[in-house]
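There are 4 protein chains.
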Amino acid sequence: MSTIKAGIIGATGYAGAELARLLMSHPHVTLAAVSSVSYEGKTLAEIYPNFIGVTDLILEDADAVIEKSDVVFASLPHGLCEPIAKKCVEKGRTFIDLGADFRLYDEADYNEWYGLSYKEKELHDLAVYCIPELDRQKAKGAKIIANPGCYVTCSSLGLAPLVKSGLADLKHVIIDAKSGVTGAGRGLSLTTHYPECNEAFSPYKIASHRHTPEIEQNLSALAGEKVTLTFVPHLLPVNRGIVSTIYVDMTKPSSAEALHKMYADFYQDEEFVTVLPLGDIVNLKNVRCTNNCQISVHYDKRTDRAILVSAIDNMVKGAAGQAIQNMNLVLGLPENAGLKLIAPIF
Amino acid sequence: MSTIKAGIIGATGYAGAELARLLMSHPHVTLAAVSSVSYEGKTLAEIYPNFIGVTDLILEDADAVIEKSDVVFASLPHGLCEPIAKKCVEKGRTFIDLGADFRLYDEADYNEWYGLSYKEKELHDLAVYCIPELDRQKAKGAKIIANPGCYVTCSSLGLAPLVKSGLADLKHVIIDAKSGVTGAGRGLSLTTHYPECNEAFSPYKIASHRHTPEIEQNLSALAGEKVTLTFVPHLLPVNRGIVSTIYVDMTKPSSAEALHKMYADFYQDEEFVTVLPLGDIVNLKNVRCTNNCQISVHYDKRTDRAILVSAIDNMVKGAAGQAIQNMNLVLGLPENAGLKLIAPIF
Amino acid sequence: MSTIKAGIIGATGYAGAELARLLMSHPHVTLAAVSSVSYEGKTLAEIYPNFIGVTDLILEDADAVIEKSDVVFASLPHGLCEPIAKKCVEKGRTFIDLGADFRLYDEADYNEWYGLSYKEKELHDLAVYCIPELDRQKAKGAKIIANPGCYVTCSSLGLAPLVKSGLADLKHVIIDAKSGVTGAGRGLSLTTHYPECNEAFSPYKIASHRHTPEIEQNLSALAGEKVTLTFVPHLLPVNRGIVSTIYVDMTKPSSAEALHKMYADFYQDEEFVTVLPLGDIVNLKNVRCTNNCQISVHYDKRTDRAILVSAIDNMVKGAAGQAIQNMNLVLGLPENAGLKLIAPIF
Amino acid sequence: MSTIKAGIIGATGYAGAELARLLMSHPHVTLAAVSSVSYEGKTLAEIYPNFIGVTDLILEDADAVIEKSDVVFASLPHGLCEPIAKKCVEKGRTFIDLGADFRLYDEADYNEWYGLSYKEKELHDLAVYCIPELDRQKAKGAKIIANPGCYVTCSSLGLAPLVKSGLADLKHVIIDAKSGVTGAGRGLSLTTHYPECNEAFSPYKIASHRHTPEIEQNLSALAGEKVTLTFVPHLLPVNRGIVSTIYVDMTKPSSAEALHKMYADFYQDEEFVTVLPLGDIVNLKNVRCTNNCQISVHYDKRTDRAILVSAIDNMVKGAAGQAIQNMNLVLGLPENAGLKLIAPIF
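Chains A, B, C and D are the protein sequences, given in the same order. First residue of the first sequence? That's 1 in full-length UniProt numbering, and the numbers climb one at a time after it. First residue of the second sequence? That's 1 in full-length UniProt numbering, and the numbers climb one at a time after it. First residue of the third sequence? That's 1 in full-length UniProt numbering, and the numbers climb one at a time after it. First residue of the fourth sequence? That's 1 in full-length UniProt numbering, and the numbers climb one at a time after it.
In short, the hints are calculated from the structure, not lab data. Keep in mind the model is a prediction, meaning the values are calculated, not measured. It is possible that part of the hints are untrue.
It does not matter which identical chain is used: a pair holds within one copy or between any two.
Below, in silico cross-link-like pairs of lysine-lysine (BS3-like), each with a Cα-Cα straight-line distance of 25 Å or less [unchecked claim]:
(1) Lys-42 - Lys-138
(2) Lys-252 - Lys-143
(3) Lys-140 - Lys-171
(4) Lys-86 - Lys-138
(5) Lys-138 - Lys-91
(6) Lys-91 - Lys-252
(7) Lys-138 - Lys-121
(8) Lys-171 - Lys-143
(9) Lys-5 - Lys-301
(10) Lys-87 - Lys-119
(11) Lys-91 - Lys-205
(12) Lys-119 - Lys-171
(13) Lys-261 - Lys-205
(14) Lys-143 - Lys-5
(15) Lys-226 - Lys-252
(16) Lys-261 - Lys-91
(17) Lys-119 - Lys-205
(18) Lys-91 - Lys-340
(19) Lys-205 - Lys-301
(20) Lys-143 - Lys-119
(21) Lys-171 - Lys-226
(22) Lys-205 - Lys-252
(23) Lys-252 - Lys-138
(24) Lys-68 - Lys-164
(25) Lys-143 - Lys-261
(26) Lys-171 - Lys-86
(27) Lys-252 - Lys-171
(28) Lys-42 - Lys-261
(29) Lys-87 - Lys-205
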């Protein structure tokens with residue numbers, strides 16, 4: 001298998017840098033170019049000393065990345081990727097967007113939640129949104145991949161089997177999610193200033209986070225009807241990881257055993273999704289630094305409510321790892337290439 | 001005002017030691033005696049070096065504490081307090097139980113959730129369960145105080161105005177709570193071993209935590225009907241503090257403004273409960289080391305669901321501080337005596 | 001005793017805000033005014049929500065603080081306090097500077113380490129540098145107090161008895177210090193961005209930190225000769241606290257017992273300095289949120305080297321608490337007024 | 001290259017489990033068997049849920065491991081490995097001891113620091129102590145490898161060039177080391193109980209830690225004379241990593257530049273040791289989860305003292321990774337096989 005040249009636009013943000021780290025160990029890929037607006041001209045290792053002795057790559061501009069790469073990843077704030085995607089399509093590069101610009105199929109949603117319009121509508125017709133475990137068949141050969149949001153991946157995988165089963169009361173879906181601080185990125189803020197963030201905890205963007213319509217888009221597709229839910233994220237004083245605790249009323253009484261079987265069956269062939277044995281409970285630490293999603297299934301008999309707990313590493317399955325998984329699917333590589341990661345125990 | 005002699009049975013557990021710390025600064029109290037089964041004969045400062053130079057108290061046995069004190073606090077595992085309460089009543093001591101033995105009015109609940117029966121039923125008729133902001137009028141002159149659980153205090157204060165209003169759909173109350181690790185006490189376990197607890201996060205005792213019937217007892221009293229709810233606690237990698245994110249369906253559509261007014265009015269005369277300005281969001285750090293509860297009120301217009309966020313310090317308002325507040329009420333002291341604590345900023 | 005009006009210039013930095021918190025509980029002080037360049041016009045509680053319900057103070061400008069206060073504290077970056085001190089002296093206010101502008105007696109040192117000159121030399125003649133345990137007699141009635149640096153206080157207290165004894169080899173004094181992140185202040189930086197600071201550890205300003213000449217100034221005064229030492233600070237992933245591990249060669253062999261007696265005798269009358277029992281080891285957590293310094297004394301028989309470990313809370317004994325202690329001394333108040341703080345256990 | 005069967009005795013301690021994790025990704029190794037006294041009969045994935053879906057290995061006893069493996073690793077408390085080593089030698093297995101039993105060449109040192117004697121002296125003649133960067137040539141074909149201690153590796157690599165140069169004043173070597181909590185292992189203790197360990201910091205075993213004679217053994221070999229030094233470890237509230245800040249007096253004045261060149265030359269061919277560019281400072285986070293050692297070189301001109309800062313991951317280069325590096329050397333595999341690990345950025 002010949003080596004694929006990959007490039008990263010926005011390589012010094014957290015997701016971009018994690019992507020660089022993972023691509024450097026991918027058996028079929030060479031990291032060919034990286035760019036950064038803030039640090040152009042410096043080496044990647046100057047910005048992240050963990051790369052000293054590992055790579056001599058110099059941060060260039062976006063055009064240089066597109067020029068040198070077969071596959072172009074972008075990890076940028078929303079609103080910047082249409083022109084990049086356009087260039088990639090014109091030059092025959094595969095474009096994988098870790099940001100939000102191609103995630104929402106309905107432009108009205110993008111307009112409502114992000115305050116922007118689509119300028120290049122035909123690009124959006126080319127774009128494929130893909131959580132591989134739910135959308136795998138759509139990815140092969142895609143020109144543009146919209147890589148899903150972190151909270152979205154965790155919550156959608158946690159809800160998919162139940163929502164698809166028709167047994168969920170879709171008016172009563174509540175997602176209480178908690179994310180490590182890398183989810184907020186590398187930009188400085190008082191909220192993420194160590195003394196204000198350590199020994200602290202709070203929700204944020206209550207019922208107004210931009211990942212809400214994307215979760216609903218996924219669940220609506222599974223349910224075959226419009227789903228509207230409550231989503232509340234919290235900032236957790238850890239570096240990495242997301243745990244979603246999900247509450248769903250049932251259309252008729254069920255049991256932990258029945259739900260567990262439903263989930264185990266749904267994900268039985270998935271390498272990256274593990275349904276824990278009945279009785280076990282998900283812990284964020286067991287998926288850290290991996291592309292895995294662990295899910296535990298619970299049932300509150302007193303209120304006839306399903307409780308799903310799902311965890312991912314927000315930087316890997318929630319960003320860089322899933323982007324690589326998507327690249328593998330697009331290019332017909334083994335889906336797990338470069339992603340056989342085992343969580344460190346501590 | 002003459003000085004009250006206070007004693008603590010179980011002074012080397014976390015709640016007992018925090019109580020010792022707070023009582024040492026109480027203007028109307030002398031900490032007269034402390035006991036510990038594990039460390040009897042040692043000084044308190046040998047066990048907790050923060051007390052070096054502050055107190056020379058020696059850990060004695062429970063009988064010595066009862067003998068030397070006007071008010072006896074106990075902070076023990078459940079199932080041990082009936083004989084202590086009995087002795088206190090016989091000797092005319094006020095007894096304040098930080099544990100669970102007198103919290104549930106219905107023995108059937110105690111039997112179901114704790115697996116034990118009441119041996120001294122007449123003591124339970126004497127016992128007064130008291131969250132001061134909800135039950136203040138019952139405390140004065142009480143012989144036995146059942147001090148509420150930490151999760152219970154946080155959740156009950158967060159829910160009380162809405163549940164009492166009659167506007168809550170009592171079939172749809174979900175409490176997603178997160179507690180710092182001191183809530184698990186000083187007993188050693190793998191779960192609280194630093195390398196397993198740090199950079200980790202998970203729920204535990206999903207829909208089966210013993211504080212559930214106690215929360216329901218409080219809410220049922222406010223609602224005038226039986227409330228059954230879903231309660232899921234999580235272990236948060238911080239030392240102190242609880243945040244409860246509470247989801248309640250409404251019986252009819254409302255608004256953030258209306259709910260906020262309801263909460264502000266309900267707690268307008270309370271020194272220890274603050275309803276944040278509309279738009280602000282509770283953060284655990286702002287109540288740390290205080291007897292305060294901060295609550296923020298939110299409304300999800302898309303699903304017509306109220307979202308309440310409440311935070312307390314589990315060791316103070318959730319245990320030792322509320323026990324002192326209750327003592328103040330019982331004895332007719334100013335309710336805030338010894339409790340004018342300002343949270344450190346970091 | 002009539003109430004003293006205190007004001008804080010720079011009240012929204014960490015030291016200023018901690019000072020505000022402590023002054024609010026001082027029995028002889030009213031916090032009369034606070035200022036902030038960044039947040040003028042807002043309430044202090046808007047900036048720090050732990051003050052909601054505690055104070056309605058509005059942030060003003062520095063002149064307003066000087067006007068309204070008997071004692072003016074300033075907590076500002078270096079280079080800004082001479083004009084403030086001048087106004088205070090002219091108006092008869094006591095001025096207490098938590099910053100560095102009046103700490104170094106020798107202008108050449110200030111010039112070398114801070115790159116600035118003294119513009120108002122006569123003010124420096126008025127200024128009294130005071131670690132109370134070492135310089136107490138100088139403080140009473142002072143018009144300007146130079147409040148010592150955090151690392152300086154911790155290290156000087158840890159070294160004073162041995163350096164004064166004449167038994168230290170003054171050519172071989174090494175201070176390896178570790179500070180919590182609040183020591184870096186509230187200003188944002190990548191170094192203190194949570195994901196870069198958490199699960200990380202490193203020294204900084206190796207042998208070049210500005211507290212070096214101040215420590216040397218203190219030790220030279222005690223030794224009666226010029227001391228030059230090696231000082232290396234490290235950034236510790238905790239919010240508060242400093243631990244200094246200090247290595248000193250002896251001019252002749254000694255023992256742990258002899259050194260311990262020397263230290264215990266030296267500090268026997270000090271309320272805020274505790275020499276731990278021989279064999280115990282200092283832990284940062286036992287001084288957190290207090291004005292205390294704990295010191296443990298050790299001896300390496302294999303190399304005939306004394307090892308001293310001292311710990312303080314950098315924000316209290318290292319800044320705001322010591323400033324209050326100094327204020328108490330200047331004004332003839334009980335030295336411990338407002339400072340009877342007991343460390344929380346966790 | 002045929003696959004090597006590796007086994008781990010003591011696979012559920014932290015070093016053993018980390019070794020399991022790394023061996024599972026080693027290109028020339030199959031993890032054939034694992035043992036645990038505490039958990040025999042359970043699967044490894046039941047003890048560490050990060051292994052769910054990765055391995056079905058069942059914990060057996062030590063004999064089963066020896067039987068099934070070409071290379072046997074042991075990670076056990078000291079005093080237990082002589083009989084295991086004996087069996088391995090008899091059966092022709094390579095034995096790699098991650099514990100202390102074969103580290104000290106001089107039995108008197110073992111007796112003094114560990115309180116035990118050697119029972120099988122001839123085994124100790126077979127044993128090879130090996131930090132590869134210092135002792136590489138001794139490892140090939142060894143029957144027993146004594147894998148160095150974590151603090152020892154970090155400190156020895158940080159000191160080797162200077163000690164070997166003859167420019168170090170060997171009477172004035174001080175190592176102030178800080179280790180993450182995994183260094184204390186998985187055994188429960190109050191010291192490592194989360195609420196006592198978080199937001200805390202202290203030294204321990206001051207000038208009495210068992211790694212002291214092992215560091216001295218290494219440095220004495222490099223210096224050609226007996227080295228006696230001061231070593232003080234501290235417990236750092238992070239999961240992984242060691243930073244050693246090392247102070248060395250010089251026999252004659254030098255400079256940062258000269259020292260830096262000495263270090264860069266010494267390690268120029270080493271893949272796992274990086275000397276940072278002059279002016280940069282080591283941070284623990286940049287070596288986390290890798291087999292790398294990063295070293296920065298500093299010089300205090302005011303006292304003519306060299307300051308070296310070295311960092312490793314205590315679980316990888318300080319234990320499991322170095323054990324694999326040693327295995328690679330013994331068996332003639334590429335030294336970096338299974339160890340091309342890139343530190344996660346956060």
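Results of checking the hints against the structure:
In this homomeric assembly, Lys-42 and Lys-138 never come within 25 Å of each other (Cα to Cα): the closest approach is 38 Å inside a single copy and 41 Å across copies. In the homo-oligomer, the alpha carbons of Lys-252 and Lys-143 never lie at most 25 Å apart, since the shortest distance is 43 Å inside one protomer and 48 Å across protomers. Taking the shortest alpha-carbon separations for Lys-140 and Lys-171, neither the intra-copy value of 34 Å nor the inter-copy value of 46 Å comes in at or below 25 Å. In this assembly of identical chains, Lys-86 and Lys-138 lie within 25 Å of each other by CA distance solely inside one copy; the values are 20 Å within and 59 Å between copies.
Proximity of Lys-138 and Lys-91 under a CA criterion of 25 Å is satisfied intra-copy only: 22 Å inside one chain copy versus 55 Å between copies. Taking the closest pair of Cα atoms, Lys-91 and Lys-252 never come within 25 Å of each other, the shortest separation being 53 Å inside a single copy and 56 Å across copies. Proximity of Lys-138 and Lys-121 under a CA criterion of 25 Å is satisfied intra-copy only: 19 Å inside one chain copy versus 67 Å between copies. With identical chains, the CA atoms of Lys-171 and Lys-143 are never at most 25 Å apart, being 36 Å at best within one copy and 48 Å at best between copies.
Proximity of Lys-5 and Lys-301 under a CA criterion of 25 Å is satisfied in neither setting, with 53 Å inside one chain copy and 47 Å between copies. Taking CA atoms no more than 25 Å apart as the test, Lys-87 paired with Lys-119 passes inside one copy only; the shortest distance there is 14 Å, against 60 Å between copies. Taking identical chains as interchangeable, the C-alpha atoms of Lys-91 and Lys-205 are never at most 25 Å apart, the minima being 39 Å within one chain and 49 Å between chains. Proximity of Lys-119 to Lys-171 under the C-alpha cut-off of 25 Å is found in neither arrangement, the shortest distances being 34 Å within a copy and 46 Å between copies.
For the identical chains of this complex, Lys-261 and Lys-205 are inter-copy neighbours only, at 21 Å across copies versus 34 Å inside a copy, given an alpha-carbon limit of 25 Å. For a Cα distance limit of 25 Å, the shortest separation of Lys-143 from Lys-5 inside one copy, 16 Å, qualifies, whereas the shortest one across copies, 44 Å, does not. In the homo-oligomer, the alpha carbons of Lys-226 and Lys-252 lie at most 25 Å apart both inside one protomer (20 Å) and across protomers (22 Å), since each shortest distance falls under that limit. With identical chains, the CA atoms of Lys-261 and Lys-91 are never at most 25 Å apart, being 47 Å at best within one copy and 47 Å at best between copies.
For a Cα distance limit of 25 Å, the shortest separation of Lys-119 from Lys-205 qualifies neither inside one copy, at 27 Å, nor across copies, at 50 Å. In the homo-oligomer, the alpha carbons of Lys-91 and Lys-340 never lie at most 25 Å apart, since the shortest distance is 31 Å inside one protomer and 34 Å across protomers. In this assembly of identical chains, the alpha carbons of Lys-205 and Lys-301 lie at most 25 Å apart only when taken from different copies (14 Å versus 31 Å within one copy). Proximity of Lys-143 to Lys-119 under the C-alpha cut-off of 25 Å is restricted to the intra-copy arrangement: shortest distance 18 Å within a copy versus 67 Å between copies.
In this assembly of identical chains, the alpha carbons of Lys-171 and Lys-226 lie at most 25 Å apart whether taken from the same copy (10 Å) or from different copies (24 Å). Taking the shortest Cα distances, Lys-205 and Lys-252 sit within 25 Å of each other only across copies (24 Å), while inside one copy they are farther apart (32 Å). Neither within a single protomer nor between protomers do Lys-252 and Lys-138 lie at most 25 Å apart by alpha-carbon distance, with minima of 33 Å and 42 Å respectively. With identical chains, the CA atoms of Lys-68 and Lys-164 are never at most 25 Å apart, being 42 Å at best within one copy and 47 Å at best between copies.
For the identical chains of this complex, Lys-143 and Lys-261 are neighbours neither inside a copy (37 Å) nor across copies (50 Å), given an alpha-carbon limit of 25 Å. Neither within a single protomer nor between protomers do Lys-171 and Lys-86 lie at most 25 Å apart by alpha-carbon distance, with minima of 39 Å and 51 Å respectively. Taking CA atoms no more than 25 Å apart as the test, Lys-252 paired with Lys-171 passes in both settings, with 14 Å inside one copy and 15 Å between copies. Only between protomers do Lys-42 and Lys-261 lie at most 25 Å apart by alpha-carbon distance; the minimum there is 23 Å, versus 52 Å within a single protomer.
For the homomeric pair Lys-87 and Lys-205, neither the shortest alpha-carbon distance inside one copy (34 Å) nor that between copies (46 Å) is at most 25 Å.
Going down the numbered hints, you'll see the structure goes against 1, 2, 3, 6, 8, 9, 11, 12, 16, 17, 18, 23, 24, 25, 26, 29, while the others check out.
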